[in-house]
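**Q** In order, the protein sequences belong to chains D and S. Residues in the first sequence are numbered from 9 upward in steps of one, following this note's numbering. Residues in the second sequence are numbered from 2 upward in steps of one, following this note's numbering.
FYI, nobody ran anything at the bench for these hints, they're computed from the structure. One should not assume that every hint holds.
[As the list claims (entries may be wrong)] Sample of chain S residues with no beta-carbon within 12 Å of chain D, all distances over it, derived:
#: 1; residue: 2
#: 2; residue: 22
#: 3; residue: 23
#: 4; residue: 50
#: 5; residue: 59
#: 6; residue: 133
#: 7; residue: 148
#: 8; residue: 187
[What the hints assert, rightly or not] Incomplete in silico selection of chain S near chain D, CB under 7 Å:
#: 9; residue: 15
#: 10; residue: 29
#: 11; residue: 30
#: 12; residue: 113
#: 13; residue: 117
#: 14; residue: 119
#: 15; residue: 122
#: 16; residue: 123
#: 17; residue: 124
#: 18; residue: 183
[Unchecked claim] Rough simulated footprint, nothing fancy, chain S against chain D, three-plus residues with beta-carbon under 8 Å:
#: 19; stretch: 10-17
#: 20; stretch: 94-103
#: 21; stretch: 144-153
#: 22; stretch: 231-241
In this text, a Cβ means the ideal position worked out from N, Cα and C, and glycines have one as well.
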Amino acid sequence: MLTKRIIPCLDIKEGRTVKGTNFVDLRDAGDPVELGAFYAENGADELVFLDITATIDNRKTLVELVKQVARQVNIPFTVGGGIGSIEDVSALLNAGADKVSINSSAVRRPGLIDELALQFGSQCIIVAIDTRFVEDIDWVHTHGGRNITSLKTIEWAKEVEQRGAGEILLTSMDTDGTKAGFANQLTAEISSNASIPIIASGGAGTMEDFYDVFTLGKADAGLAASIFHFKVIEINALKNYLAKKGIPMRI
Amino acid sequence: MNIAIIKYNAGNVASVMYALDRIGAKYTWTDDEKVIQAADKVIFPGVGEASTAMAYLKEKKLDQLIPTLKQPVLATCIGMQLLCKHSEENDTDCMGVFDVNITRFQSNTLKIPHVGWNSIQARGTNDLMKGLNETEFVYFVHSFYAPVYQDTSATCNYVQPFSAMLQKDNFFAAQFHAEISGKVGQKIIQNFLDL
């Protein structure tokens, strides 16, 4: 049976792992290569590395980091942050990333999704959508949730799939950092209308939150950061808990 | 040992190379007929679309070389599909090492592509799953599949049972990505290198 995936997210700043609450107040949670290898050994189904301070200067550092991770890690991993061109994607995939995640650049120029899917295949193109509920509607946001766009989240999710995204990483800025649970209603609505997998992100605080996002939220994967980095929840224990409650898991 | 990874236009093979690095195996990434023929083991990986991949292999005449290889060959993902007879993906005639046709998953309830970790079950002779359990989890990403038939050496269930692995003479194939399938994938690659 196809299992639901548990994905730790490693936010990277200048080669180190960080995680903030609502993307401010950053804290250091270790070396990304070591941490990634640790997670791969301890039940993670996949890893996401997000370069949160992506600049041109940092690109080479990121590519080097990706090479180190690829040498160590034997599960799929995704790299995101500041990716805006075919050249960026090519460099990261050649360095050993299995997938890349694009966000603001896709909002700026949606045709980029089509181009990347054609060039590299949909399977390695994740479109990350940051969403926030404003005046009764879920709107796509960019720049770590700071800037609202004119795109409605539900419509944008459909569009990115049509353009060739292989998966959607949906982060709710309303729940992110709150540890009060995922945005299950929105996740379910998007997942029910999509043929591609939805990775839910933002708000995980307890094991039950993951159970809810897989049942109520109909998510294909659940992503979290700080609760894993600070060992509030251990991935193997989480997967055993979910398996006991009937969620298909790779144990 | 001398391993040749076949170089063609289907996707990214960096993860395959890193997987071999982790095992400590040396390899050459090549489309040179002589180098491929002289190798002890041949790996035919790839992700991509069937018709463009076949067109490239034909241009390089690799479509004639690959089926005649005598050393152990491991094909993964699109590599496996290209070793079958025909693919429904853009109506593509493939190399026909495995006498089975590739078709697309059809479902109103399950998502397509099939993405993620799913369990496989060994079936009949399976030299690459030696030392593993009957049932193991591996990582899949695909929309097209080979049905279960006589050369199926492992099955997986998504929409319906399909071939997760094929084995015939010196040809071994996996629909999943052994190179990123954790310890299980590593063992499968190791078993292939140990043949």
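**Q** Each hint needs a verdict: does it hold in this structure or not?
**A** Hints, verified against the model:
1. 2: About 20 Å separates residue 2 of chain S from the closest Cβ of chain D, which puts it past 12 Å; holds.
2. 22: Not fine: 6 Å to the nearest Cβ puts residue 22 of chain S too close to chain D.
3. 23: At about 7 Å from chain D, residue 23 of chain S fails to clear the 12 Å cut-off, so the statement is violated.
4. 50: violated (7 Å)
5. 59: The assertion about residue 59 of chain S holds, with a minimum of 20 Å to chain D.
6. 133: holds (14 Å)
7. 148: Non-interface label stands for residue 148 of chain S: nearest chain D Cβ at 18 Å, farther than 12 Å.
8. 187: violated (6 Å)
9. 15: holds (4 Å)
10. 29: violated (17 Å)
11. 30: This interface hint is violated because 12 Å lies over the 7 Å limit.
12. 113: Because about 6 Å separates residue 113 of chain S from the closest Cβ in chain D, which is inside the 7 Å limit, the hint holds.
13. 117: Nearest chain D Cβ about 5 Å off; hint holds.
14. 119: holds (5 Å)
15. 122: violated (12 Å)
16. 123: Violated - the Cβ of residue 123 of chain S stays beyond 7 Å from chain D, reaching only about 17 Å at its closest.
17. 124: Violated, because the Cβ-Cβ distance from residue 124 of chain S to chain D comes to roughly 17 Å (cut-off 7 Å).
18. 183: holds (5 Å)
19. 10-17: holds (count 4)
20. 94-103: Held - the stretch 94-103 of chain D has 3 residues with a Cβ nearer than 8 Å to chain S, which meets the minimum of three.
21. 144-153: violated (count 0)
22. 231-241: violated (count 0)
Checked against the numbered hints given earlier, the structure breaks hints 2, 3, 4, 8, 10, 11, 15, 16, 17, 21, 22 and satisfies all the rest.
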